[in-house]
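**Q** Based on these hints, arrange chains S, W and V with the ligands on the given structure of chain A.
Chains as they are written, first to last, in this note's numbering: chain A, 1 to 79; chain S, 80 to 158; chain W, 159 to 889; chain V, 890 to 1109.
Just so you know, these hints were derived from the structure itself, not from any lab.
In silico SDA-like links for lysine to any residue, alpha-carbon gap of 20 Å or less:
id	chain 1	residue 1	chain 2	residue 2
1	V	K998	W	E878
2	W	K209	W	E657
3	S	K89	W	N458
4	V	K891	V	N1106
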Amino acid sequence: MKARVHITLKNGVLDPQGKAIEHALGNLGFDGVEGARQGKYIELDLAESDATKARENVEAMCKKLLANTVIENYSIELE
Amino acid sequence: MKARVHITLKNGVLDPQGKAIEHALGNLGFDGVEGARQGKYIELDLAESDATKARENVEAMCKKLLANTVIENYSIELE
Amino acid sequence: MNDIKITPELVKEHGLTEAEYERIVSAMGREPNYTELGIYSVMWSEHCSYKSSRFHLKKLPTEAPWVIQGPGENAGVIDIGDGQAAIFKMESHNHPSYIEPYQGAATGVGGILRDVFTMGARPVANMNALRFGEPDHPKTRHLVAGVVEGIGGYGNCVGVPTVGGETNFDASYNGNILVNAMTVGLADTDKIFYCAAAGVGNPVVYVGSKTGRDGIHGATMASTEFTEDSEEKRPTVQVGDPFTEKLLIEACLELMATDAIIAIQDMGAAGLTSSSVEMASKGGVGFELNLDNVPQREENMTPYEMCLSESQERMLMVLKPGREEMAKAIFEKWELDFAVIGEITDTGNLTLTFGGEVVGDMPINSLVEDAPEYERPYEYTENRGKADVAALSDLKQAVLDLVGGPNLASRRWIWEQYDHMVMGDTIQRPGGDAAVVRVHGTEKALAISTDVTPRYCYANPYEGGKQAVAETWRNITAVGGKPLAITNCLNFGNPERKEIMGQFVGCLEGMGDACRALDYPIVSGNVSLYNETNGSGIMPTPAIGGVGVMKNSERMATIHFKNAGQTILMIGETKDELGATLYQKEIIGEQTGEPPVVDLDLERKNGDFIRSLIENGDIDTCHDLSDGGLIAAISDMAITGNIGASITLDDTLPVHAALFSETQARYLIAVDADKASQIIAKASNAGIAVTNLGATGGDSVSVNDNILNISLTELKSAHESWFPSFMNTAE
Amino acid sequence: MKSAVIVFPGSNCDRDMAVALEKITGVKPTMVWHGESDFEKVDFIALPGGFSYGDYLRCGAMSARSTVMKEVIKRAEAGVPVFGVCNGFQVLTETGLLPGALMRNAALKFVCKDITLKVENADSMFTSEYSQGQAITIPVAHHDGNYFADDETLNRISGEGQIAFSYSEDINGSQQQIAGVLNGKGNVLGMMPHPERMIEPALGGSDGRALFTSVMNALG
Ligand SMILES: Nc1ncnc2c1ncn2[C@@H]1O[C@H](COP(=O)(O)OP(=O)(O)O)[C@@H](O)[C@H]1O
Ligand SMILES: [Mg+2]
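Only chain A is shown next, with the shape it has when bound in the complex (with noise of 0.2 Å):
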């Protein structure tokens, strides 16, 4: 099965490329932007086809390496 995770900066966390893009947006011209916030985005193809499973897994997986949990929260979805 397939996990998508999304991974966000946590709340007060200052997020210099979301600043970036609001920024930016600005410049170009486009009004009424009132917050930016950049996170990863991340596909993983798994073996595994038990949801249940597949989710403990991922979970590991986003605490062990794809989130840094000082400054980054998770989200998994199953598909």
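**A** Same frame as chain A, but now just chains S, W and V with the ligands:
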């Protein structure tokens, strides 16, 4: 309203980051990861409340700035 | 796939003319199949075959006692003494960088690095020569940002310092930027690797990244003119993977330390095809490749795609029999793919098998030697006569506009994005005349500079060609280096036009004469033609990359003034040569007249004199004069040293000529007064023109008391602020 | 002083670090490959700069989880001095040996230049040869040097003297312009600037030497 934008590499475009993630997960003992791809995930807060207009706007932002349409695809969700 | 019928349209789509197709049929003795057509089309493209340029390139001087390997291999090799060699080359990545600036520039750096480490060298320095359109062209900012980020992104990650380059803006590059990258590497003279394959039955090995459908037909793209809809040719853009490149460098160098490799070649333009053809052709052997064994990134790849893919970070090697396992262990340690994909045969053919069938079988000779060679008609550029270039009443504004304008302003914004110090041997950083990189663990150093003045080449290709070579020679000399050899990247428009071909021939003749006069041969290079958009060509831009050596790197000159109260001397004489100068272009807004003429004997004489002063430890402050003339050079020296200068000009020339003329073979030096009189005496004895211009000191640059007086603060702010404020302006 | 330089795939300042260590300590360091689970006993461990794993995913993330780092963490906890420069600093924060995280530079650009640093703590084993508040010139070369920690952590580290160096100007958006951080015990230092690039006048200065001589003195 809020826009969620996913930016992913086009099919066939080399994804060095995804490849490295796949590899690293394998090294960490996670079996059964058959593929990994990394993309960007951007959240925008928009002043616009009309969904059609908002989508048009974000579409333009993607083309102009957020995505590199030479090698990337984008998809937009509104909330 | 191979049952696709070869139609005239298909032939045309492959960039081949009818006559060329006929030639293929007669070389093969039959019609090619689809895969074979693809292979011929890339091998016979301008990019791979040099069909328009070969005839003229043959006339360039390529020999000297210190040349170990001239053009014809992946890079040129020169002897720098003590059993060590410098290996270097410059290459263009113009079209891809226009389409996708970040990846285009990044993969350009990756490609040139491979050309150099393929030969056994550890890359030690990168340079980049960049030409963009006018600053206010809507695309320029985006292209500058992307190209610079791409060059940095790749070089920084690989860990090779990017130590210098050049950057110009001109309208002729609006639709066709130039991104030329150069790499210099070091190797032991007895450990240099070549690409000639040998030994029937020996294994052909593929290492590096897997093959995908990247950049199929990149080589043919680089060989055609641009039109508006070229921007649709997007999938041909490749993504660079500098991390893999770094691993590949380390793995290759580790394997090269053994005796397992017979021949090695990077997969550049036209990937697997051109690398195997080149190795076989050089070795006079045949290759049989089993495409099933090619490591593949994507599913269902056809032989056509595998042969033409330009996936990056791949190499091809011929190993001694029995060494496969040992080599494989090295590549596995570095987590890279390793596959035996074929062997050497005695057939003289490139034979491709796939799924148990032969899918291509072509005589190697026909792919290389039978490639067309054109002696295209040409027409020399007409002499433009002497320009009458006006003086301006507001000299100060003119100087500020020049020194703080797009073509002279500090490039700090660029080089601060490049790691120019990694490897711990950069002893002259960007901002001077030439970059200087120590030969690791020795007293020696390499001095490197890239130069060309396209304005001159356009006005007078012959003089411009001479000047480009002479300027690198002068820049290397100005830091104290002995210039040894050059590489080049010849960027021109459509060679099927007579006047463009005339520019090409003229520049080459000028380059050749300069190389001969300065004992400064050409050891490698690259040609990029068809740099045109909608029929309007770029200015002829034969970028030259020069390499010199310094025996004692402690004796090195830099441009910044070091002490107040020193005497400023000019070596060489200023003539009224304002035609085709930067002053004329940017301040007067005209581009007319003949450019300055390089007197090659004088160039050599003045340069040898300067170098001997530096080598003797007589001077440590020196700057050559080029774009913007005397005042631009003084300003550079004052700004970087944060020490002013006051100079006095005699009245042999009108002031604007004295300040802005771009007469060649001139240098400025600053020394203590007693040393200055010795140097003046020495120069006079040697018949070298020397002028005492004045002294360093104060907080402004002033000329003849009042004619001109600019504070350092004003100068510095003009010089440093242009680039950042240009790049920070919203589009 | 016997030292080890850890080499990850993609490290590219490993040689620079080794050259500096050898020049200053007179002893050639051992180069330790990331896959090793053990290595000889050393007095000092250096994690070099560069782009381990290409800086893909997050700088230092993959290296922090490598086999050798388990051993490095163990030794750090046992008191062996561990020093991370640039990518090495990123690796140290990713392992949790040092607090905080290093994010993309605020201007989103790679920045390579000399910078003036202020020595914030001259009492540590890495900085004793500097004087408190001394201004030193050391180059930076990084894309992700923007130091972040939550307020509580910031208060703690500044209160406990764990901030070793700060930038004299804002070059990357780091909180409090933090350039280098010590662990609580003072035997682990991570910093973005490269002292190993400033060890002789030919390279632009020698302000980096004192860092290494401080450690030599501390080790006796
Ligand atoms: N693209 C670039 N990358 C790095 N350094 C550059 C670049 N462009 C210019 N420079 C540096 O800026 C300085 C001035 O360049 P230039 O005016 O071309 O020098 P010169 O007139 O001596 O040839 C040189 O030190 C050069 O290496
Ligand atoms: Mg110069």
